[in-house]
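Enquirer: In order, the protein sequence lines correspond to chains X, F and H. Residue numbers for the first sequence follow the working numbering, so the first one is 1 and each next one is one higher. Residue numbers for the second sequence follow the working numbering, so the first one is 1001 and each next one is one higher. Residue numbers for the third sequence follow the working numbering, so the first one is 2001 and each next one is one higher.
What the hints contain is simulated information worked out from the structure, not anything from laboratory work. Quantities reported herein were computed from a predicted structural model and do not represent experimental measurements. Note that the Cβ used here is the ideal one computed from N, Cα and C, for glycine as well. Just to be clear, a hint being listed does not mean it is correct.
Straight-line alpha carbon distances no greater than 30 Å define the calculated BS3-like cross-link-like pairs of lysine-lysine that follow [claimed, not checked]:
#1 F/1255 - F/1235
#2 H/2215 - F/1052
#3 H/2193 - F/1140
Only some residues are given here: those of chain H computed to face chain X with a beta carbon under 7 Å [said to hold, decoys possible]:
#4 2062
#5 2075
#6 2202
Residues per chain, in single letters:
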Amino acid sequence: MKFDPALALHSLPDMLHGLWATIALAASVVALGLLIAIPLAVARDSRHPVLAWSAAAYVIFFRGTPAMILLFFVYFGFGQVFGARDGFLGALFSNAFLCAVIGFTLNHSSYVTEIVRGGLLAVPKGLVEAAAALGIEPRDVFLRIRLPLAIRYGLKAYQNEVILFTKATAVVSVITVVDLTAVANNIFYDTYDPFTPLLTAAAFYWVLVNLLRIGLARVDAWLNAHLKADESRGQAIAVHSTARAPAPLAPLGEPAQ
Amino acid sequence: MKKTLVAFAIAAFLPTFTARADKLTFTARADKLTFGNEGVYPPFSMVDASGKLTGFEPELAREMCKRMDAECDIVVMDFKALIPSLLQGKLDGVVSQITPTPERVGKVLFSRILLQNLYSFVVPVNSNYAFTKEGLKGVKVGLTRGGAPAKYMVDAFGDAIVPVWYDNQDQIKLEMLNGRVDMTFGARVNWRLELLDKPEGKGWKMPDEAFWLGDPKTPEDRRGLSWIVRPGDEKLLERMNAALTSIIEDCTYTKLRSQFIQFSILPAEAHCLKPSG
Amino acid sequence: MPLQDLLGYLAQLLGGAAITVELAFSGYACALTVGTAWALLRRLDNPVGNAAWRAYASIFMGVPSVLVIFLFYYGGSAIIGGLVGIVGLRPRVDVSPFAAGLAALTVVQGAYSAEVISGAMRNVPRGQFEAARALGIRPYQVWWYVIMPQVARLALPGLTNIWVSVLKDTTLVALAGLNEIVARSRTAAGATKEPFLFFIAAALFFIVFSAATLKFSAGIERRLDRGIARPVSAGAEA
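Required output: the full structure, derived from the provided sequences and hints.
Expert: Here you go:
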């Protein structure tokens, strides 16, 4: 089990290219995912059956399916139907990176929807009722009271999901996108040395994940500065916020779905 | 509660405990040989709808094992995994054709040559590429991970081309047909039989220039591909070579080959070919 | 494409599903074992143990699982040789994709399990330990009959999530060559030119299977929650 520093150094430029692709992919998906998730979360709990059921179906399908299948689905499935054609859709599905963004967004957004939904549900009903009693418009109740609080409640789970997702991008080479893992693997197939490139890539991911973790912790501290004293609620939520767990529903002990 | 726990533990651990040794390891037993084959390199190897590995190379390998009086297991894995797995001892040999590139010659032992299969570009029929760095700038080339043609393309054209990486030839073919890659660089026999001779291949052509990616000093009639074993396994290689030579000499090679490929691919089988006409 | 062939490939998918399930069960069981071991170690609050945990957790939760799988698959024999070589033996063991996947799942999901189980252990009220000791119940019995059932109840939601992660992470092992359901769906889609059919079939397998296990987990939760007074909903304040 040898590590070859010369090879590692030599492969740095390619690895940095790959790292850049990984970051670009992850950032695009996280942004898009959040954008989609908030309306979806609202739709989930809406009183219109069509909206609620469609949103539920979206979450069930895209959360329950492993990311790799979704990537294949978009790249090979839609790619086969639209790829050969001219025009916008053809260009979209011919591009492996864009297919990856679409596939991962479908998956990631379904988790974030559940996290946002959990956050919204954790907002104490009393606050919402008080706001309504004060005559505040429903739209403002949502945007200025429920959503900001939901963000606070769901933040830990959201941070976990972002980090887990960033690591999950490593499989994207199955649809030909050259990310950090793909670069490492290419070096391995060329040199037959598995350890040097894979360990180097692992180190890059580790640094990236930790930077994310620290950055998100800062955001958390900034949002929750006033809650430093109120540890108990934060702890109860933290117990349930684990691997890809959406935020808990209010009573302790209910399984996170 | 205890009963549930025990039941759960049994259900959960049962797969682990009953896993046969060969599910967890590829341990090479003294009496059994494990060979690796790509499995997706038609017409030389393919896996049919029932899951059976077939094609010229697996059939040749099975015949070889019969003559070696050895019990063989042929394992299918992506081409890119074959040589690393061989070097790590997961396989005793690779029975997919390997080009003797300078990088490989130092790391593995090559058998006698088994077939000739040079490499060419496969491009759209209406295209007019100049095969230079400038001529291929920005062109998306489908390549197989770990393959000799892939390494050649990356070394020769570097950043000019956009390599798109796949695990096997079938994947590249699909992507060429749906327009996601512009061209490929691969084995002539394969692309002729699997694409150009088929109806879907009418939009493609293969320029005549054929490349040999092994040692340029090799005389033309000896520019062939072989199977490989690890350095140190000379004894095994001798047995394999002996069996393979006998297969070629008594024309069993030709018989097997003609099930999949209708023309000769090895000078040494000349004496088996019926005169044309 | 003859129906016969399509059905043949679908049957192949089922075979792949069997492998997926087998790997998922084994991986989960081993991960829970490793997780419980780490959780117990952390309770000892030993500085060496804590440092070991922090390193282990940082590495295996900070690196994509697929890289761990690759390292175990391609480097497994060297790693095993190195570890066992310390004792002086020199085995020739080669790691299969299944084994590499199992080991990787164990190690990575074991870390997440350890966090869940640790958290659950911490949330068992201290009064339980004290009362049990005060009643003269022997330490082993305290753990087995008093503490662990409560840990199970508290850890259940997190452990259920980990099960779903394990199930989905088995698909990563396809990248090391394991011919499980996703690998087979890709082969079938390529051979038959019917991508939607096979990818949706594979997706449905995972959706249905996780839904079934979630139901099962809800059933366990109901049983574990017997006798527990449900805390008043947070929303009922005001």
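Enquirer: Check each numbered hint against the structure and report the violated ones by number, ascending.
Expert: 2
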